[in-house]
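K.L.:
If you want the building blocks of each chain, they are given just below.
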Amino acid sequence: MIFDTALILDSIPKMLFGIGLTFQLLFLSAALGLVLAIILLLMRISGRWYLSAPTMVYIYIFRGTPILVQIFIIYYGLPQLEFVRDSVFWPILREPFGCAILALTLNTGAYVSEILRGGVLGVDRGLKEAGAALGLSARHRFIYITTPIAIRLALPAYSNDVISLMKSTALASTITLLDMMGIARTIVAETYAPYEIFISLMIIYLALTWMIQRSFGWIEKRMSRYVRSEA
Amino acid sequence: MEAITGWWDDFFWGSVAVARIFVTALILTVLFGLIGAGAKLSKSRVAKSIAGGYTVVFRGTPEILVLLLFYFGSAVTLTAIAQAFDPEIKFVDIPPFWAGSLAIALIVGAYATETFRGAFLGVDPGQIEASRALGLSNLQTFIYVRIPAMWRLALPPFGNHMLSLIKDTALISIIGLQETLFVAEQAIGTTGKPFTMYILVGAIYLGFSTIITLSVMVLEKYANRHLEVGR
Amino acid sequence: MGDGDPANIIELENVDKFFGAFQALKNVSLSVKKGERIVVCGPSGSGKSTLIRCINRLEEHDSGKIVVNGHELTGAVKDIDAVRSEVGMVFQSFNLFPHLTIIKNLMLAPRLVRKSSKSEARDTAMKYLERVKIPEQADKYPSQLSGGQQQRVAIARALCMNPLVMLFDEPTSALDPEMISEVLEVMTDLAREGMTMICVTHEMGFARSVADNVVFMDNGEIVESNPPDAFFEAPKNERTKLFLSQILSH
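If you read the protein sequences in the order shown, they are chains A, B and C. My numbering numbers the first residue of the first sequence as 1 and each following residue consecutively. My numbering numbers the first residue of the second sequence as 232 and each following residue consecutively. My numbering numbers the first residue of the third sequence as 463 and each following residue consecutively.
Among these hints, one or two may not hold up.
As the list claims (entries may be wrong) - Calculated lysine to aspartate or glutamate pairs in the DMTMM-like style (CA-CA distance at most 20 Å, straight line):
1. C:566 / A:124
2. C:495 / C:655
3. A:128 / C:548
4. C:577 / C:548
5. C:540 / A:161
6. A:128 / C:674
7. C:496 / C:683
8. B:321 / A:190
9. C:496 / C:521
10. C:488 / C:686
11. A:128 / C:522
12. C:602 / C:585
13. A:221 / A:161
14. C:488 / C:475
15. B:424 / A:95
16. C:566 / A:95
17. C:496 / C:475
18. C:589 / C:522
19. C:595 / C:522
20. C:527 / C:541
21. B:424 / A:86
22. C:698 / C:674
23. A:128 / C:541
24. C:698 / C:683
25. C:495 / C:598
26. A:128 / C:543
27. C:488 / C:674
28. C:566 / C:598
29. C:602 / C:632
30. C:580 / C:592
31. B:424 / A:82
32. C:595 / C:548
33. A:128 / C:632
34. C:595 / C:651
35. C:566 / C:541
36. C:698 / C:686
37. C:495 / C:674
38. C:589 / C:647
These aren't lab readings, by the way, just hints derived from the structure by calculation. All values derive from a computational prediction rather than experimental measurement.
Only chain A is shown next, with the shape it has when bound in the complex:
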């Protein structure tokens, strides 16, 4: 079996053409998802049942169903509903890009809020008590003690989620978007050369993963400079 290197060299630039869309999907969903996650987190730990219960249900649904199904519901399913077609959001929801962003955001928001919650729960009780003993109000304790430490604790898991999010952007190709995956699939459909195309694409994704990991590793290192490193 020969590798058609000419094909590879020809296709890589074409696929990289889609990297812009991949990045848009990634950064936009990550940013919006993070905002959503923080809102969900605050609702979840608010102690008020009418805030935390719906949040728990939301997280449960979005973590318990495949993201592909979520994408299909939003892109193919919502147009079935009249009130969606009539709503002010219709221009966004009609487009595959808007639907993809919405699906990815809702999905990552659920996961990240749980990750943040894990960070918050991981803050040593003694530190919060020390804050209380000094007379710091609950709000002050949360902002100045819990939050900085929780962020550091949540960082590894969060970096994993960002990588997952990047991999999920490839699913946008199933609703006609021409990100890298979408372009790759069209090339393969024309050339019947899955190995060359898909393996090259795999390498591109691996490079992206590596870059994300390096970035987070750097951030983690900076944040952990005060933590016991040796001994």
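Based on these hints, arrange chains B and C on the given structure of chain A.
P.N.:
Leaving out everything else, chains B and C in the frame of chain A:
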């Protein structure tokens, strides 16, 4: 809702397909995870690098890409081989069931490798020392001390791997496996109700995740029953 | 306000505290005058930590009355924060904020609670760091300091709020033996300067030399309370005698 009548049967069999894939992939995942962890923990540099490459590649590549590469790649290869024998043959593929199970098992197996590896490393070395001091052989120590300690540590994260597996089965519909998403697409063709159908698929998967989550909770209770003493 | 003696800065009357079915404090009454130094001792599980944690409401008592500097401890939030800023606490596990430098650890509460300016807070912080004899560590992080140093920082941090009372919850129990004396020294100096303190500790030497009153707790109750000479030389209660024989024998 009436739109679904007539399709219940098909959705049922689609769910059965999901269950069958899940079980098959689960067994393979545990296998790949144990082999991978074993390789990473071994002294052999070769084994470590291969396992290292395995985890990097399969955790950093979008699932849909792995799936398509497997399916179309193997199809192209098999077709080429078959055509060498009989030029009349147009297309030979691995049944989507096996291509799909193998692909998702390899992906989740990469995560399981890390989980199992961490769990093995997390076993209290003091227990191993005590066991050796009592005269147990390496194999006995492995079976009666290491494994019991290790699977308890691995259980919570492995529960998450199982959830990933069940959700990844939805992707296999893309290569033609007749599971629930595939059935939904056919149903939409005749009923024109994408929202209803996809929500139903979501509900089915939610049902599966709930069963898995509950099972893991029961297992965790069982695993930790020896810790309940006192208080 | 309570009917107790106004010279009492802390007053506990008939306090009960339950953790589920387990009763940690049984009808405990205690008065602490301004300037008094109290050492609380007893076997583990006797309720001594619970006692002082109720004073700054890290634990909530279930019945009875607790009055701290004129504030009665109930559920009202304003009161709790006010009480806590006047009562300093030092924990067994130091609980320094790992993400802040030493000086920032000391400056945080004064700036947020007393609304001190940055320079005021910094001056106060450096003053107390010198008091505990480690001013040069100001810009380090807690993880870079030894246990004894961290605990001294914790004491300084509590002092920066200018508390009326200092509570110590087994301050030396988590320290390696060679670091215990540096912390006890700081506490002894504090006592000599007239700080009102309640100290839960096993350090009987410290109790003998510094305490005005030694309180022995067992099983949630105050069994005996006496000035150190009487306490150590002539314990009245059988349980006190038993405890003393156990801890003083080695």
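K.L.:
Given the hinted pair residue 496 (chain C) and residue 475 (chain C), is their Cα-Cα distance within 20 Å?
P.N.:
Distance ~17 Å between residue 496 (chain C) and residue 475 (chain C) Cα, so the pair holds.
K.L.:
For the pair supplied as a hint, residue 602 (chain C) and residue 585 (chain C), confirm whether the alpha-carbon distance does not exceed 20 Å.
P.N.:
Cα-Cα ~17 Å, so holds.
K.L.:
So if I understand the rule, the pair passes when the alpha-carbon distance is 20 Å or less; does residue 595 (chain C) with residue 522 (chain C) pass?
P.N.:
Distance ~35 Å between residue 595 (chain C) and residue 522 (chain C) Cα, so the pair is violated.
K.L.:
Holds or violated: residue 128 (chain A) and residue 674 (chain C), Cα atoms, limit 20 Å.
P.N.:
32 Å, violated
K.L.:
Checking one constraint from the list: CA of residue 321 (chain B) to CA of residue 190 (chain A), max 20 Å. Satisfied?
P.N.:
Given that 20 Å is the threshold and the Cα spacing comes to 16 Å, the pair holds.
K.L.:
Straight-line Cα separation of residue 595 (chain C) and residue 548 (chain C) no greater than 20 Å?
P.N.:
Roughly 24 Å between the alpha carbons, so the hint for residue 595 (chain C) and residue 548 (chain C) is violated.
K.L.:
For residue 128 (chain A) and residue 548 (chain C), compute the direct alpha-carbon distance and say whether it is at most 20 Å.
P.N.:
The given pair, whose Cα atoms are some 18 Å apart, holds under the 20 Å limit.
K.L.:
With a cut-off of 20 Å on the C-alpha distance, tell me whether residue 602 (chain C) and residue 632 (chain C) pass.
P.N.:
The hint is violated at about 25 Å.
K.L.:
Within 20 Å, alpha carbon to alpha carbon, are residue 424 (chain B) and residue 86 (chain A)?
P.N.:
18 Å, holds
K.L.:
For the pair we were handed, residue 698 (chain C) and residue 674 (chain C), check the Cα-Cα distance against 20 Å.
P.N.:
18 Å, holds
K.L.:
Taken at face value, is the distance from the CA of residue 522 (chain C) to the CA of residue 589 (chain C) at most 20 Å?
P.N.:
34 Å, violated
K.L.:
Taken at face value, is the distance from the CA of residue 683 (chain C) to the CA of residue 496 (chain C) at most 20 Å?
P.N.:
Given pair residue 496 (chain C), residue 683 (chain C) is violated - Cα atoms ~23 Å apart, limit 20 Å.
This entry does not satisfy hints 5, 6, 7, 9, 16, 18, 19, 25, 27, 29, 32 and 35, going by the numbered hints stated previously.
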